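Chemist: Listed below are the residues making up each chain.
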Amino acid sequence: MSGFGQHLPAVAPNDRNEVVDTEEVQVQQLYTREGQFERIGAVDAPRHDEARTREEFRVLKRHLIARIRAGARGLDRRVILVTSASPGEGKTTVTLGLATSFMFERDCRVVLIDADLRTSELTRRMKLSRELGLLDYLDHEGLDLADVLYRTSTPGIYAVPAGQPRVTAPELLSSPRMGHFLHELRVSDEQRIAIMDSSSVLSCSETVALAGHAGQILFVTAKGESRRQEVDEGMGILHRGAGPLDETRIALVLNKADRGQSPVRYAARR
Amino acid sequence: MIGQILDRLTDEVRRIWCYRWLVAAVTATLTAAAVAFTFIAPNIYEAWGQLYVSRQTPLSAAAESVSLADLRSSNTYVVQKTLLNDDNLEAVARALEPRRRFTKLELASATTGLKKSVHLVDGGDGFVEIHYTNTDPHRAQAVVQLILNQFMSGSYERSQQDLRLAGAFLDQQISFYGDLISQSQAKIATIRRRWGVIAPDAGGDAAIAPAQPQERAPAELIQLPPPSPPARSGAAERASQLEAKLASLLAVDTEQHPDVVAARRQLEEARAQSKTEVAEIVAAAPLAKPPPAPRRRLKVRRHPAPPPEAAAELAELQRKDEPLRTSYQQLVAKRAAAQMSQAVSGADRAGKFLVTREPARPTVPVGPKRKLYLGVGLLAALGGGLGAGYLRALMRGIMVSPREIEEVIQLPVIGTVSFERAWRTRPPFSGAYDSAHPSTRRQRRLRVNVPIGKAS
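Respectively, the protein sequence lines represent chains A and B. Our numbering applies: residue 41 is where the first sequence begins, and numbers increase by one. Our numbering applies: residue -13 is where the second sequence begins, and numbers increase by one.
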């Protein structure tokens, strides 16, 4: 079986100094040196109300899983694009929170793809800024999926950093190789879910190209920050560039909401 | 319904809360401005004087029904209108700064300022208080004093001037009517001299009444008794009386009044009777034999019989003579009343107005009401801050709730992510750090980033 996990080095997260062979040493070193995935726990960190935040992401996850189980028509519903109208509305935070929430599902693996080429916030948080990433894979035919896919300290969560910045980044994301990349992810493991953290719609054009590959689009809005005109305009751009968008493919998330607006009313304090 | 309204209100509060720092900044700025204004504003002093506006003085009571001055209109409104006119206030403004040369604009500005600052208060029972507020107590006192002085002198002079004008007008009218009566008497005398009109004497005997020329002006009637009416027929005299009565009635009543109608009917009858009598006299004149007269009268030259035109003119003159005399007498009586009124006004020195309280220099400020201003300023600052925040939120068009997003975008909001700081739920850390202490261990367990994989 040519599964997704076979491309990864057989290194346990808590056993980072173990060396298997030369190729794995390189990956091992990469992971050991930069792949500290502890920051992904920032969403679930004690800086926030853990129980409530966890439950809120569970609510989001249930909606997405329900859509996945509802069946796909053409596009892979397991490829989820997280975007917003303008920067700073919490796309990376929602991406990390969703990943940690999906991690709790049995037989479910999550691949975090940093497609935000402007800020690369996800890559920076995972401390993979200097490693090979998505743009390197798209630009070089010789690179394989395993070269840009990194295991993290959290079982079941893998990361694809943004890679070295390039001027041709938007064109690379719009190229057919991006579709090939997502196809490889799908065929390697059917239980895995790819979550792409992209740029905001109104700040760059490649988000629309990425939305064309996504089976589900999660549009993040921030309370008190997102302007209705910008959200409306961003939705219009996605609708025109990524095909017809209906409520089965796109959904909104209100970030930075008050506790009173949370669907979780009686969460435990810890 | 109520739930929807509350939801909307909550959304609006959230909208303002998103700009809480702007609200706080604007509120703080406005509060500082209000506090500064409240405590920097100078003290305001109020000086006041009191007038007693008499409705009836002893002299005016004595002159009641004789005096022409209106003694019933002395109220606050009249005082205000007569006191706060531009002339008085300009005089006050000039008196306040005697060395300054005012331009028209400056004078108008000073007058307007005085008019705004002077307030009249009706104290009841004829008392009127004049209040003036200013930051300078000396000026406040001076202004009230000047206004009182100006008002008193102006009121007296105005009253005297009015009475003088009334006297002059009455003198002119008396002279005019005197001339009319003189002309009428002269014509009657001329007719009598020429035609020797027979008038019935007291004994009923007809005699030739020699006409007496009346050249002198009847102005002497003020001192002299009114001249005896000329001899005439009974109907003509009655007609004259009725005309005078009708004129006096018309001065009071309208044409439709029953007395006026009756008087007019009687006048018509009297005129008709007078004409009949005159015609009979004229017709019987050539046939009538004069009674035997004493010798002295035989020496009198006999006049030819008057023609009907002369008789009619004489009757007309006699008819008009009586109303003229009546009007003349009325004018003379009014002139006497005017003189008496002038004497009354001059004797009690504008006795309608009396200064009952001279303005004193105020020592205790009456304003500004700093506590009130401070409270109102704080409320206004808070309102301004909230308004600024709300306006800012509306201008940016932010969205604050899933319901609002769904209404605008027409797509479902499948969830929310709330940010809550951990210190709200974390027990406070106190005391020295002791890793062995149970509370420290509990806090560490809370704070440490537990790998999610282990947690599961």
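Hint data in this document are derived by calculation from the structure and do not stem from the laboratory. Among the hints, erroneous ones may be present.
[Stated by the list, open to error] Partial selection, computed: residues in chain B whose CB lies under 7 Å from chain A:
1. L380
2. R382
3. G383
4. P388
5. I391
6. L397
7. P398
8. I400
9. T402
10. V403
On a predicted model such as this, the values are computed, not experimentally measured, just so you know. A virtual CB, placed ideally from N, CA and C, is assigned to each residue, including glycine.
Chemist: Close enough to count: is the Cβ of L380(B) nearer than 7 Å to one in chain A?
Modeler: L380(B) check fails; min Cβ-Cβ to chain A is 11 Å, beyond 7 Å.
Chemist: Double-check I391(B) for me: the hint is only fine if its C-beta lies closer than 7 Å to a C-beta in chain A.
Modeler: Holds. Min distance 6 Å.
Chemist: Is the interface hint for L397(B) satisfied, with its Cβ closer than 7 Å to some Cβ of chain A?
Modeler: 6 Å, holds
Chemist: So, as I understand it, the hint says P388(B) touches chain A; can you test that by seeing if any CB pair is closer than 7 Å?
Modeler: It holds, given that the least Cβ distance between P388(B) and chain A is near 5 Å, below 7 Å.
Chemist: Given P398(B) was flagged as interface, is its beta-carbon under 7 Å from a beta-carbon of chain A?
Modeler: Holds: closest Cβ of chain A sits about 5 Å from P398(B), inside 7 Å.
Chemist: Should the hint that T402(B) touches chain A count as held when the rule is a Cβ pair under 7 Å?
Modeler: This interface hint holds because 4 Å falls under the 7 Å limit.
Chemist: Tell me if the interface restraint on R382(B) is satisfied: Cβ within less than 7 Å of some Cβ in chain A.
Modeler: Nearest chain A Cβ about 6 Å off; hint holds.
Chemist: Given a cut of 7 Å on the nearest C-beta pair, is the interface hint for G383(B) held or broken against chain A?
Modeler: Check passed: Cβ of G383(B) comes within 5 Å of chain A, closer than 7 Å.
Chemist: Double-check V403(B) for me: the hint is only fine if its C-beta lies closer than 7 Å to a C-beta in chain A.
Modeler: 5 Å, holds
Chemist: Taking 7 Å as the limit, does the beta-carbon of I400(B) come near enough to a beta-carbon in chain A?
Modeler: This interface hint holds because 4 Å falls under the 7 Å limit.
Checked against the numbered hints above, the structure violates only hint 1.
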